[in-house]
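*Asks:* Next come the chains, spelled out residue by residue.
Protein chains: 2
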Amino acid sequence: MAEYTLYCFAESGNSYKAALMLAACRLEWEPRLVDFFNGETRSEAWRRDVNIMGEVPVLVDGDLRLSQSGVILDYLAEKTRKFSAKSDAERREVWRWILFDNHKLTSYLATLRFLLRFAGGGDPTVVEFLKGRAEAALKIVDAQLGTREFIIGKRATIADFSLCGYLYYEDELGVSLSPHTNIRRWLDRIASLPGWKHPYDLMPYAPKKAG
Amino acid sequence: MAEYTLYCFAESGNSYKAALMLAACRLEWEPRLVDFFNGETRSEAWRRDVNIMGEVPVLVDGDLRLSQSGVILDYLAEKTRKFSAKSDAERREVWRWILFDNHKLTSYLATLRFLLRFAGGGDPTVVEFLKGRAEAALKIVDAQLGTREFIIGKRATIADFSLCGYLYYEDELGVSLSPHTNIRRWLDRIASLPGWKHPYDLMPYAPKKAG
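Residue numbers (our numbering), protein chains in the order written: chain A, 1146 to 1356; chain G, 1146 to 1356.
Keep in mind that the hints are not guaranteed to be accurate.
Copies of one chain are not kept apart here, so a pair can be met inside one copy or by any two copies together.
Unchecked claim - With a Cα cut of at most 30 Å, we get these calculated BS3-like pairs of lysine-lysine:
#	residue 1	residue 2
1	1354	1299
2	1224	1353
3	1231	1354
4	1353	1231
5	1224	1299
6	1276	1224
7	1354	1224
8	1276	1227
9	1284	1224
10	1299	1353
11	1284	1353
12	1227	1354
13	1227	1353
14	1284	1354
15	1276	1231
16	1276	1354
17	1342	1284
18	1353	1276
19	1299	1284
None of these hints come from the bench; they were simulated from the model.
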């Protein structure tokens, strides 16, 4: 049995954040496929037994069961000392960008992609609203990367793995990354890290919606 | 001069998260009022000199300048040992709920309130969309509080200060807290902590939009 089990599915960028860390750290892990599109994460059993938040990813390490990609990333960085902060100042900077990702980038971008790709397209007004919010967040990330190779400096950290979570699903996002040239170059840099794989090559696909 | 300066304004629930921590820890701090409604946080000068993310709050402690409410809360909890986690497991649980707040509660609730109260009401379809998302997040917080006095257990922590950030603006939210009886009782518990004040009594109001 692998050391780690990750509840995940390939279409989930939040799962990808954790899966990419496991892969880039060369850890032994196995996916536990989640039947997301048929409601597994929103079932009472899931909320009671796995995660009250009704979300993936969930990482199992022995008796520990962790949820929220930011917590999983921080846990693995502390344990492996890889892609981790090296000082208190760096640690605050890493968390600052993980929080920004959760609050302003992933929150809008993942929802936008979900509506467009998995929920029949969504209401056009809502889609435009989410696009505007996602674009604004992308601009901030692009500006930050104008003077740095990775989000907090010269090394890749878990902040990069959090922020890039949805960006390799490029043609599914509903916003274009083309204007954001710093982001494009940074995604190539992350993709050059040993162990990197595209989300669709790193995790199993969830079964399609029944019926 | 006070030990801490907080860039903030009374209408900002994210500022309130930090201001409430400063007040509940009985720290010496002074607000530095931000002219939010006239665009100060979105100006080039602000992004260059204060916060590239274009956001409040920003906490100044000597030479340190910190942004993202979650980072500020964690910093003050570590420094004061108040409202902090007491073990690694608690620390992960605190971060888990701060991340959930940023990703699923504040992200939708703050945006909903902003549209309704400060941006002319917003598009009805977008408002309904945000209401649905905010309601779903509130249900999860209410369920968590069904078996606990505070979000991670018997003590108030910075996770509570993060999650409650927008909830005392109750009549401005666009969603009702009445069905969430555990949340209502928890808000009363937080309001009983020494030093607690309502956001409108703790920070100065931002000037109204010019013109």
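*Asks:* Which numbered hints are broken by the structure, listed smallest first?
*Replies:* Hint check: 1, 2, 3, 4, 6, 7, 8, 9, 10, 12, 13, 15 fail, others pass.
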